[in-house]
Amino acid sequence: MLISHKDVENVALLSRLELTVAEKEIYTRQLGDILKHFKTLGLVDTENVPPMVQVLPLKNVFREDWVGQHMSREDALSNCPDPEEGYFKVPRII
Amino acid sequence: MKGRRNQLSLFRLTAHELHDLLVKKEISAQELSESIFSRIGSVEDRIAAYITLTKERAFECARAVDRQIQNGGETSPLSGIPIALKDNICTGGVRTTAASKMLADFIPPYSATVVKKLDATGAVVTGKTNMDEFAMGSSTENSAFFPTKNPWNLERAPGGSSGGSAAAVASGEAVCALGSDTGGSIRQPASFCGVVGMKPTYGAVSRYGVIAYASSFDQVGPITKDVTDCALMLNAICGHDPLDSMSLKSDVPDYTSHLVNGVRGLKIGVPEEYMSTEMDSGVRAAVEKAMAMFGSLGATVDYATLPHSSYALPVYYIIAPAEASSNMARFDGVRYGAGAGDAEDVIDLFIKTRSRGFGPEVKRRIMLGTYALSAGYYDAYYLKAQKVRTLIKEDFDRAFLKFDLLLSPTTPCTAFRFGEKTDDPYQMYLTDVYTAPANLAGIPAITIPCGFAEGMPVGLQLMGRHQGEATLLRAAYTFEQNTDYHKCFPEIG
Chain A
1 MLISHKDVEN VALLSRLELT VAEKEIYTRQ LGDILKHFKT LGLVDTENVP
51 PMVQVLPLKN VFREDWVGQH MSREDALSNC PDPEEGYFKV PRII
Chain B
95 MKGRRNQLSL FRLTAHELHD LLVKKEISAQ ELSESIFSRI GSVEDRIAAY
145 ITLTKERAFE CARAVDRQIQ NGGETSPLSG IPIALKDNIC TGGVRTTAAS
195 KMLADFIPPY SATVVKKLDA TGAVVTGKTN MDEFAMGSST ENSAFFPTKN
245 PWNLERAPGG SSGGSAAAVA SGEAVCALGS DTGGSIRQPA SFCGVVGMKP
295 TYGAVSRYGV IAYASSFDQV GPITKDVTDC ALMLNAICGH DPLDSMSLKS
345 DVPDYTSHLV NGVRGLKIGV PEEYMSTEMD SGVRAAVEKA MAMFGSLGAT
395 VDYATLPHSS YALPVYYIIA PAEASSNMAR FDGVRYGAGA GDAEDVIDLF
445 IKTRSRGFGP EVKRRIMLGT YALSAGYYDA YYLKAQKVRT LIKEDFDRAF
495 LKFDLLLSPT TPCTAFRFGE KTDDPYQMYL TDVYTAPANL AGIPAITIPC
545 GFAEGMPVGL QLMGRHQGEA TLLRAAYTFE QNTDYHKCFP EIG
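Residue numbers (the working numbering), protein chains in the order written: chain A, 1 to 94; chain B, 95 to 587.
Chain A with its partners taken away, still in its complex shape (with noise of 0.2 Å):
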């Protein structure tokens, strides 16, 4: 088993979601089916390969600071579920 029920909990706990009981059993024997497929790459010799970092031959992409059209407030909080004066809100956290 590539992956147990207790590595898809912590995943889940990682991931910010929260299983039943079910869908940890789904998830635990999808992911491992998953996984398995993964196997294959060690097969790859990548000694001295350097990681792909992006695909374009792009290098350190600078503009003007220039000041530009920006969104209102109003506009940025149209789609806030609980705004309150003109801000957004979150659980107490301290």
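No wet-lab data here; the hints were simulated from the structure.
Glycine included, C-beta positions come from ideal geometry on N, C-alpha and C.
Counterexamples of contact, computed for chain B against chain A with all Cβ distances above 12 Å:
#, residue
1, E168
2, G376
3, R378
4, Q575
No farther apart than 30 Å at their CA atoms in a straight line, the calculated lysine-lysine pairs in the DSS-like style are these:
#, chain 1, residue 1, chain 2, residue 2
5, B, K119, B, K210
6, B, K446, A, K89
7, B, K515, A, K36
8, A, K39, B, K457
9, A, K6, B, K195
For chain A, the structure is supplied; the task is to place chain B on it using the hints.
Chain B only, in chain A's frame:
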């Protein structure tokens, strides 16, 4: 009116054919929109291509185009042409859901750069098309709302994730469409629905305002009825955008100038590793016929080798979910998307929002990606995959020293039945086997119809050098001029 085209059949025509009629004033943009919306009215209940229709906005645009034509103004090739947009492309003031419950009520306060560019040409947006949730899937069965049907056979999937866009074009519910392609999400559905689809070079089209799935692969591109329309759409959407830091700075050529009927001297490679994998016999037959056709038209067709081909799918399905797990972190219930009013604390807000808002495939990919990036597994999965990605790109670089383009099937099978691949996620992933490599290498690729297998369309994929769209268009156009597959239109039962 004398000489007027039968409005009822306008939905069968291409953008360039319709443009000619508009310029000659044989039809008006309003009549064209009426024809498309009447087609939508008669088949949409069976196809289900759209999540949202923008009829009012469309007619406003069409009337503006008509006024412009009446006043003798310049008419650009897409003026008045009804175009559908995949629902992960933000449209200011128009609901954009990415086919997720998470964004079921999301109304973007701004438009994607590609939308602004299309608006500027006078294109008429018909609506927002169905897709797999957040573009994760290959059949539209992962849409949180409903699956889209394949116009060629309503019991079969249209492919995905841009399945709504492909089905809309194939059924005449739009003249052209935009999709997005991360591992094949334009080409696979275009192939399943018998239309043309192109994934441009990574960086050729701005991603600004396109809801991100896997940022190092995501690319917007056209789905059209023929190659000429594909070139017209590329002319409209390509170009540098300072709002996308991975945007290429080179000038955009006039792609229509490369629509040349002739492939004499062109060197076409066929990756032997692709041809030696399992595929439907009907797909193989159609592709071999296409190889022979290119040969008879004067191209040199020979086998090419991409030695690391068999690793492309594992590499893609490690890196794409890893990037997705990071991109999906923005859906926390604070700034947009469905929140959770009953959350006890901030962590609980994240957990409740995400557990309720995401569907099964999105959760699966977030967890897969989180796993591949997590301590203890990073080196074995993510880092290893990025190294093999380098080798895959080098395979292409070597192949393109010898060949001008590479030819293959777009998918190993034709459109499958609903539910056929939903139980085993990897079986679904396998439909990307020939398409994902182009995303890994950042190169352009096009699919064009090349035949039928048991009544379902087969797609031919051509892959080109980095920024080699022109060569792809020339070869695809030549194939099209010498075949009739692009003229086939489904009878919707």
